[in-house]
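Student: Listed below, chain by chain, are the residues.
Protein chains: 6
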Amino acid sequence: MTIETRAEIRLALPSQGRLAEPSLELLAHSGLPVLKPNPRQYRAEIPNLPGLTVLFQRPGDIVVSVREGSVDFGITGWDVVSERRGADHKLLVIHPALGFGHCSLNVIVPEGWDNVNRMEDLVSLQSELGRPLRVSTKFPSLTQAYCAEHNLPEVELIFAEGTLEIAPTIGYADLIVDLVSTGTTLRDNRLKTLSDGLILSSQACLIANRHSLKSSPITLGVARQLLEFIVAHLRATENVSIFANMRGDDPEGIAERMFTRSVIGGLQGPTLSPVVTRQGEKWYAAHLIVRRDQLSQAITELRQVGGSGVVVTPVIYIFEEEPKEYRDMLALLEG
Amino acid sequence: MTIETRAEIRLALPSQGRLAEPSLELLAHSGLPVLKPNPRQYRAEIPNLPGLTVLFQRPGDIVVSVREGSVDFGITGWDVVSERRGADHKLLVIHPALGFGHCSLNVIVPEGWDNVNRMEDLVSLQSELGRPLRVSTKFPSLTQAYCAEHNLPEVELIFAEGTLEIAPTIGYADLIVDLVSTGTTLRDNRLKTLSDGLILSSQACLIANRHSLKSSPITLGVARQLLEFIVAHLRATENVSIFANMRGDDPEGIAERMFTRSVIGGLQGPTLSPVVTRQGEKWYAAHLIVRRDQLSQAITELRQVGGSGVVVTPVIYIFEEEPKEYRDMLALLEG
Amino acid sequence: MTIETRAEIRLALPSQGRLAEPSLELLAHSGLPVLKPNPRQYRAEIPNLPGLTVLFQRPGDIVVSVREGSVDFGITGWDVVSERRGADHKLLVIHPALGFGHCSLNVIVPEGWDNVNRMEDLVSLQSELGRPLRVSTKFPSLTQAYCAEHNLPEVELIFAEGTLEIAPTIGYADLIVDLVSTGTTLRDNRLKTLSDGLILSSQACLIANRHSLKSSPITLGVARQLLEFIVAHLRATENVSIFANMRGDDPEGIAERMFTRSVIGGLQGPTLSPVVTRQGEKWYAAHLIVRRDQLSQAITELRQVGGSGVVVTPVIYIFEEEPKEYRDMLALLEG
Amino acid sequence: MTIETRAEIRLALPSQGRLAEPSLELLAHSGLPVLKPNPRQYRAEIPNLPGLTVLFQRPGDIVVSVREGSVDFGITGWDVVSERRGADHKLLVIHPALGFGHCSLNVIVPEGWDNVNRMEDLVSLQSELGRPLRVSTKFPSLTQAYCAEHNLPEVELIFAEGTLEIAPTIGYADLIVDLVSTGTTLRDNRLKTLSDGLILSSQACLIANRHSLKSSPITLGVARQLLEFIVAHLRATENVSIFANMRGDDPEGIAERMFTRSVIGGLQGPTLSPVVTRQGEKWYAAHLIVRRDQLSQAITELRQVGGSGVVVTPVIYIFEEEPKEYRDMLALLEG
Amino acid sequence: MTIETRAEIRLALPSQGRLAEPSLELLAHSGLPVLKPNPRQYRAEIPNLPGLTVLFQRPGDIVVSVREGSVDFGITGWDVVSERRGADHKLLVIHPALGFGHCSLNVIVPEGWDNVNRMEDLVSLQSELGRPLRVSTKFPSLTQAYCAEHNLPEVELIFAEGTLEIAPTIGYADLIVDLVSTGTTLRDNRLKTLSDGLILSSQACLIANRHSLKSSPITLGVARQLLEFIVAHLRATENVSIFANMRGDDPEGIAERMFTRSVIGGLQGPTLSPVVTRQGEKWYAAHLIVRRDQLSQAITELRQVGGSGVVVTPVIYIFEEEPKEYRDMLALLEG
Amino acid sequence: MTIETRAEIRLALPSQGRLAEPSLELLAHSGLPVLKPNPRQYRAEIPNLPGLTVLFQRPGDIVVSVREGSVDFGITGWDVVSERRGADHKLLVIHPALGFGHCSLNVIVPEGWDNVNRMEDLVSLQSELGRPLRVSTKFPSLTQAYCAEHNLPEVELIFAEGTLEIAPTIGYADLIVDLVSTGTTLRDNRLKTLSDGLILSSQACLIANRHSLKSSPITLGVARQLLEFIVAHLRATENVSIFANMRGDDPEGIAERMFTRSVIGGLQGPTLSPVVTRQGEKWYAAHLIVRRDQLSQAITELRQVGGSGVVVTPVIYIFEEEPKEYRDMLALLEG
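Here the protein sequences line up with chains Z, X, L, F, U and D, keeping their order.
Letter 208 of the first sequence, counting from 1, is numbered 208 in our numbering, and no numbers are missing.
So the mapping is simple: our numbering equals the position in the second sequence, first residue as 1, plus 335.
So the mapping is simple: our numbering equals the position in the third sequence, first residue as 1, plus 670.
So the mapping is simple: our numbering equals the position in the fourth sequence, first residue as 1, plus 1005.
So the mapping is simple: our numbering equals the position in the fifth sequence, first residue as 1, plus 1340.
So the mapping is simple: our numbering equals the position in the sixth sequence, first residue as 1, plus 1675.
Bound conformation, chain Z alone:
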């Protein structure tokens, strides 16, 4: 009888909650769709990454799994990574900002505490009460550290399974430390944040087990492929492809006019191909990539330099050089 060792490479994804669906979408859009043969199962595969097994776990459990090495890669929230990653450097964050699951961890008190608006007011309150403040949270480690930094080393931490927001109302605790995504729930429960009570800003991130990466070139290859496609996809979401018809005698003249503008006169230059017209006017088709949030400005600039008939088309990936995130990871492995 032995305890099983494993050959497969593993990626853990959130099994439920606000990170679950976007994690699957990120991978699908990155060309790595997850195939879950059985909805009742906690296991799945990524056909484009054979040899990799996907597991579904709660976000907090993913951190523990990756740190302890029962799983090689994980997508989870920066909040639980910070709470549970430990001090032993076994867990590497190989992409810190996957662009979804934004939230923040805050110190939250009853709306009716008129004189409590900053962390220092909690110190006064505690001395007034003559007993440690009672704080309910699911992030005891981060809470303890943050309170200690703000001269409250002795707060009493109270664990709760369920919704924290009602704790102050029913006297379960004096205040709470909890995740906030929109503020609405706070107002509904007559709670407020402190002006300097932001403990942490979080979004989804990609983590890996240091030992797995160091000891297995195959795992390292998977890390590279994940990063290549995720980075190329994230870059693509911020850009569009533009074809515009430009009046002008020759490509150089058209390009010259475009270079005078800030958005369409970007880093490199446009591709310019001749348009053949019935009447023989001189037109060229310019092809360029612009940032999605500068599209409106790009249209204006193209019109200014004689462009018309601007056709915007989608992009799926933009691959530049080998991704910076991959080089950073290699450096961390050396360190």
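If you are wondering where the hints come from, they were derived from the structure by calculation, not from laboratory data.
Take every hint as true, because none was put in to throw you off.
No more than 27 Å apart at the CA atoms, straight line, and that leaves these computed lysine-lysine pairs for DSS-like:
(1) X:K617 <-> Z:K282
(2) U:K1376 <-> L:K862
(3) L:K706 <-> F:K1197
(4) F:K1287 <-> L:K952
(5) L:K884 <-> L:K760
(6) F:K1143 <-> X:K425
(7) Z:K90 <-> L:K808
(8) D:K1813 <-> U:K1430
(9) D:K1765 <-> U:K1478
(10) F:K1287 <-> U:K1622
(11) Z:K138 <-> Z:K90
(12) X:K617 <-> D:K1957
(13) X:K549 <-> X:K659
(14) D:K1711 <-> X:K527
(15) F:K1197 <-> Z:K192
(16) D:K1813 <-> U:K1478
(17) F:K1095 <-> X:K473
(18) F:K1095 <-> F:K1329
(19) X:K371 <-> Z:K192
(20) L:K952 <-> U:K1622
(21) F:K1095 <-> F:K1143
(22) Z:K282 <-> D:K1957
(23) L:K862 <-> D:K1867
(24) L:K808 <-> L:K862
Following the hints, put chains X, L, F, U and D in place on chain Z, whose structure we already have.
Tutor: What follows is chains X, L, F, U and D alone, placed relative to chain Z:
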């Protein structure tokens, strides 16, 4: 104690019903996705239009809100706009045809009324009955006007909260004036429309408060941006982008052959770029935009003039000159 | 600014999970239906117990609330009571067996561990491995104690947010200590229990805060009323009322024959009332209460002693003397 | 071609909303279960009342249907009856209180209007504003009348299709008149009622068309049967049946002791039947009906006078003399 | 390697469709609630019948299972029993009418076939068409037999997986033989039944394997217990228990008056017990059982003979002598 | 009275099951979205193919409909086509592989049959048992044929309505022949496939009625249009479009370097258009189409020959010559 005045610019969207989902999709596809932080809330934002607040209301309430100025812009149905816009020109329709939510307002009578097929038959029926016809509708104003035009000035209008279709069957009213989208519900309830009983054809439209547009350049700027992107998106939905490999010695000869065809020899001309082949045959890649409903014809024509390997790709926006709808709106503001 | 003190008496009920619905049903059937004015709210009332507020919390949080006194009464599982009640006697269990929510807390190992079937086999396994066994559980306190009793004082406890059953498979832990209700989930996950690994058998129970009961006669009165009605309801669920027509000349003779039988000749005797017949035969109607699980036997016995036309009717409550559970509680308060 | 006249007798029930389900339950518990052959249909039958057709309509439409005579009977809310019954006495309320659907119609203002707490404060506010207050409501008739009574004859009424609660916040109206069932929605939207702003308390009621009752003895018979069973069911819901064993030498002595108590010594007296015991002690079984809300007191009193083994059983109907509601209806028809 | 034989006794219940839920309810109301430990499983238990295993299968598969003996008892529809029971007498119907799942198997033709209203019209139609009629059905055996009896031995049977009602409309078949429960679906699809086209009236029934009953006394005991409780429950659903206060000097006089009435003067006579009153008037409480559908008449009769305060209470079971269905089954086993 | 003949062209789609949703998606992505005016109806339209009616039927009924000619085209599974197409060549398969709905039909036996792993082992088992093996399946025709081919001509086929997987466990049959999509259900039910027990691999296919195609040029035209767009769409799903910036002095030199690589040096050659840069370096934009599963390799190769800034964009259709599937169909019609 004061009643709050507001600084924010507001856009009202339908909170439920057949216009709700397509309105959100139109904005998302127009590059203006709506972010609803809390599903229970009636408020949302469009991150790409900072300063604009989205409110969710019933379609009929949107008309009132825009007319009275508590909201600046609204997407709602032409049917409720016509019923409730009033005669005071406070409400402007700045885009009349957003391409979804098609339906028509019709005069509807029991299938069993064999001799009633036109509006004039209602006049006879009423005189036969010796009392005003009883009409149940949610559009009293349009109904009253339409009946008066057709020599029925004295019909009795009966309001109903719920489904109108059963009203004739249970004797709640003699006939109804109601929206029809597919005709199925009519047949299910053994009802029929009159051949000249079409009061109004409706689809979703974009409305604005005249005073807001006149008094605030910022609101005017929002109007322009909404129109630019909506118009460019709607135009894009009707077109595709085509790349075809064309055999030929030079671009001019290829273009000449294309100009002999109706669809691919369109207004301007194709972009033609050289293809470099292993064996040195002369090929050019033609890039052109064609209407989606002419795609089948375009493929046939391209094959006729030596094209092959036709690749069709999607387009997101097509920006032409400043949109006609924007110029129309400026004219209305002057008027 | 002060932290609110409360006047209301509070009863906490499970907000979700397998205890939630049956708790509400128990109270409804006990004549104490819970009125929840707003489905989104965590607060409710029992109109028949004015002055009492119902709160909805997670089962584990209920134990803490009652122990700390922010809540006076709670219905929750014996499993979480045992884990979290602490050693300070602040929490009293005033009804230990409410008849629903049965489950057991077990030591669970992989099905494939062929040589591990008893707790003592874990001791061998641990020494073989040369490191502490890693146990994942949501009941650390009970697990620690049980392992220590079985010569495993040094196991490593691993907390998990989510489902425990997959922990051994993915290497998150070696074994688990978890609740089992039917065994199916175990088989699905290829796990098994140990023959002497039953830590605890659990069902729902009613708990109270000792201090609240001692200091407030009103709270004591609520306790009495809860116990009176719950006990009378639970007794009623086990019994039915029977009316049977018995042929016989006089009540005494009929009763005599009934006393010869085991079920229908129960403790006291039957009520016997005369039936007036057309033909003047002598019949009496016997009314008696029998246990539901002895109903089949009672029918047989009644037929044996001349009974026929047996009509079974439901009972809602059976009140005997002041309930034993109430007297036990008073004794505990003295202790 | 003719407009159909009908032979069937009709009962309209609420098709949706908070009255729909309880209306069906009331009829089922009254021995008149509704059989809906097709969930998509608006028609149903009550097999125990052949000749009667059930229609499903919105609550407000039911009032109009019954008043106008397209339907003979209806179950709907007192609120919409009051708003829409008209002054022509065509509609009779034949049972005013069916025991469900309680709510109240209230004048509601923003929580932040610190100086507005009574109707008279609205008068001051209006004069301060220098314009009529703008009131959004679905009860224009009742609102108009109530405001006029309180010196506000000139308020501007604003119709809304959707939720009223957000109207003050977004400036759609100054205040609202709306139904309140629990107050929670008000607090969520930062609104409050006025201390003298209760316009109406409402619950479900049974209405009928006067002309139908006067002209058709069959319809009158249906009215009687509906009232007999509804009244007997409603009375039953408030009572339980009790069997208690009473120690005592003779029925008269036991009854004498019971007559000294307030609850168990009720109007008439108990039925007392002899219990035959093994040892020959003298016991009698007392059978009595007590009010459900006096059950606790009844148990106490029975114990005081020597009772034990109290068995409580349910009752389905209690029929007294011909129901008062039926006699009242006959009087109204005469009037 | 062997093919397993089984020890357990098995009862098969419908796994889905309109018989599934009522089958579980029948058993629950008969004191035999089914406990399904895992919603995903096809197996369950009846705690009050230890040794019995419940399996869930499709109604048609239940007939095959019982006939072939892989299951001992089944609840399913008479329709599929008739279609599939075969001619070998292996399957016994031990209760033919469980009171739910009523439907009928009918010959159904297009509404537009004006000249086809009886089976004989199909004969004419077929000779007119000059080819066999094409009949789509899920009951080929019953259809074949019924058509042959009506001079249509040669119809072409066409099997269909899905909904049959659209088959005539789309030309998949000329007519259909299908189950009808309410007629609404027929009208929706413009179909009609033939006046003599009723092949079979069906409801749920209890079936058993003859060999199992003959060879195992334990199985026979289970059959008896199922029948005892089901019969007693079905009888109870049709009756209520009544207590009425009767004015009168002695029981005999009261009974005499009751015997003059048709409903309350039923087979045997009432139980009459003295009521002890404050003022000493002579009252007796009458207890009797009446049929639910005669309740209204019973109330009227009681009032006529001096009764008042009529309390109606529910009954759960009525056990008479050993059930006829059990004796019938024993006779069949002999046969 | 006549039996209706039809003018419309019909396409049948699966009404439910795993083929239903993907069939609609295939058509939508092929530019032929289905418009279902009424969710309750079995009829729909494809606006881009006027004159075509869509019907929804069960997959097996579609085969019968197309074979018998009540429907012209169908999308359904190859499994049911093989089982039911008959031997009369009335049904043509015009596209055999639509790329979804993959499954296989397998011979499946209990996991515990250790000695049964191949078809020949079934022969031994049957002779050992001394009776025909009992096989439950929904594919009797294919099963019969496959067993006969493997020396089991006499197996007993047992029809089942419901789930087959439990049949061996409960003794309903010895083994089953069933569809398998993932294997999970087999393991859950402790079943296994035989190594040579694969009867058929299936996916969705497009079928047509031979007679309809031969007799109607319009139907033939619909077939061509369906095939053109489906084939072009399926080809597009396997490819992406790439734009890459290539450093180099002239197009020929760049192309030369690309031709040395396996993926990017594909059949024809790249389109190369000049990029105009600020500093005058020589860059060209290469446009090429690569297979989606070779994208990673293409990126690597482009980097190797001096490419950078690789932008990947989607393709909707790729039209080559007239589709092979259409020519194959014409050949079959001749045959």
